[in-house]
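K.L.:
Residues per chain are reported as follows:
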Amino acid sequence: METDKRVILICSGKGGVGKTTLTANLGISLARQGLTTAVLDADFGLRNLDLLLGLENRIVYTAQEVLEEECRLDQALVKHKQESNLSLLPAGNPRMLDWLKPDDMKRIVEMLKEQFNYVLIDCPAGVEDGFKNAMAASQEAIVVTNPEVSAVRDADRVIGLLNTNAIKPVQLVLNRVRPKMMANQEMLSIDDVTDILALPLLGLVLEDEQVIVSTNRGEPLTLNSVNSPAAKCYLNIAKRLQGEDIPLIDPIKESSGFGAKFRRLMQTKIF
Amino acid sequence: MNSNNQKIIINIEDSKYINWEIDLKNKLKMLKSKNLEIDSKNIDFSCTDISKIIAIAYQYNCKIIGFRSTSPKTIISSQSLGYKSEFIIESSSNNTSEINKKNLTFSKTQFHQGTVRSGEYLESLGDLLILGDVNPGAKVSAVGNIIIWGRLLGIAHAGCKGDFKATISALQLRPVQLRIAKKVARGPKEKPQLGIAELARIDSDEIIISPLETT
Ligand SMILES: Nc1ncnc2c1ncn2[C@@H]1O[C@H](COP(=O)(O)OP(=O)(O)OP(=O)(O)O)[C@@H](O)[C@H]1O
Ligand SMILES: [Mg+2]
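Residue numbers (our numbering), protein chains in the order written: chain A, 1 to 271; chain B, 272 to 486.
Think of the hints as simulated: they come from the structure by calculation, not from any bench.
Be aware that one or more of the hints could be misleading.
Computed list of lysine-lysine pairs in DSS-like fashion (alpha-carbon distance at most 25 Å, straight line) [as the list claims (entries may be wrong)]:
#1 K410/B - K14/A
#2 K355/B - K287/B
#3 K334/B - K323/B
#4 K410/B - K132/A
#5 K298/B - K287/B
#6 K168/A - K132/A
Some chain A residues judged to face chain B by a derived CB distance under 8 Å, without partners named [to be verified]:
#7 K81
#8 R153
#9 D156
#10 I159
#11 G160
#12 I196
#13 A198
All values reported here derive from a predicted model rather than from experimental measurement.
C-beta: ideal position from N, C-alpha, C; glycine also.
Use the sequences and the hints to build the structure in full.
P.N.:
Printed below as a string of structure tokens:
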């Protein structure tokens, strides 16, 4: 087994917490660092990774045709316009869910591993078959959650399943952090979350309107608006993933005025 | 090597013929080392017993730096007093048949290491010992007692076959819900006192929570 190849599942349990956004931005960031990266849309029911990457109109074949041997892998892969190191393998149609098995996912991922340094799998929400298929093909995982009780609860469930399936390492990304709300204890603190989930924190992503703007444009934030608060967070996550020792976001720079408060909110306890 | 830094492990025994206090004193008399780790085998020590051991050692100019034991109760007690504690799992191959007979209920003890996460469910036909947290959304139940060397934040049911003498103890007892036999109680609202292990039991038909030491 090649040790320098990494297959990373990006999952959450709860829906809408930011898996697809993270997959797209991480894909761009890693590609920009010169690493060949494939993003695999495993959310066959509600695919939208292609939308976020602005590649919807270039899709000809999908993972489905590859599995059915109606086309070669490289015919289905969609290369990103600006970042040529990044390719998307689109999800097939939702009916694939009826017959797709863990072994099918493994086959796809094995093929991708031959060509790419990184394979990022955008996992569907939930803990049902879609998640289980995607997990079967993964080596490590990033669990995305928001500082909300229900998201943390679902993340915990997913982490339990990842552990029993020997997925290692499992790291945490805390998305949609609002320093002001945390400081006022209107939101779970970072400690509250890491306390329960007991995972190494790969990074925080600040709440950022630019995320929504970029989603609608089909241009991940890290592609152009590298100075927006969330884009910096995504870039840092990509670097940490590669073992670079980058401290968690500097609150004074990222949201001026919050310095002292932000440091305090690392310690506030809500439950 | 300086003998002061040396760690010596002493075993203490308790039987019909010798009381553990005497055994401990006898062994301390013969020692020069200052730093000791106590291996208390399967003796159940309460927090009071542990404090007593510390005091005795002090009389002999010795310092206890940790405990090891096959008894969950001892481990919880020493851990809650802040001592390094190592839980030894009795491996069945070493067990003499005598020990097996003596610990019939102990042998049914289910042991789990690691966090019990949301949606997970652990069950035991005897006691249940968990080294790790029981998170919100997780459920644990046992025919006997439940001992959690960590935080209880989910749901625990001790004495699930009706034993109202069963207890639930944890380093932090802040469950959503507690059940002992047929009794159901909602977890307390107040913040836990840090560093004090707590125990829940039925007393005059109510589930009450008290520091582990008083029992
Ligand atoms: N840091 C952020 N700041 C602001 N908005 C965000 C942030 N992260 C994600 N969002 C928004 O949240 C919504 C959900 O994000 P996304 O689609 O990435 O989640 P998901 O986990 O993939 O959802 P699903 O479970 O449906 O696949 C999107 O509208 C996105 O723009
Ligand atoms: Mg998604």
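K.L.:
If you test the structure against every hint from before, which numbers come out violated?
P.N.:
Hints 2, 7 contradicted; others consistent.
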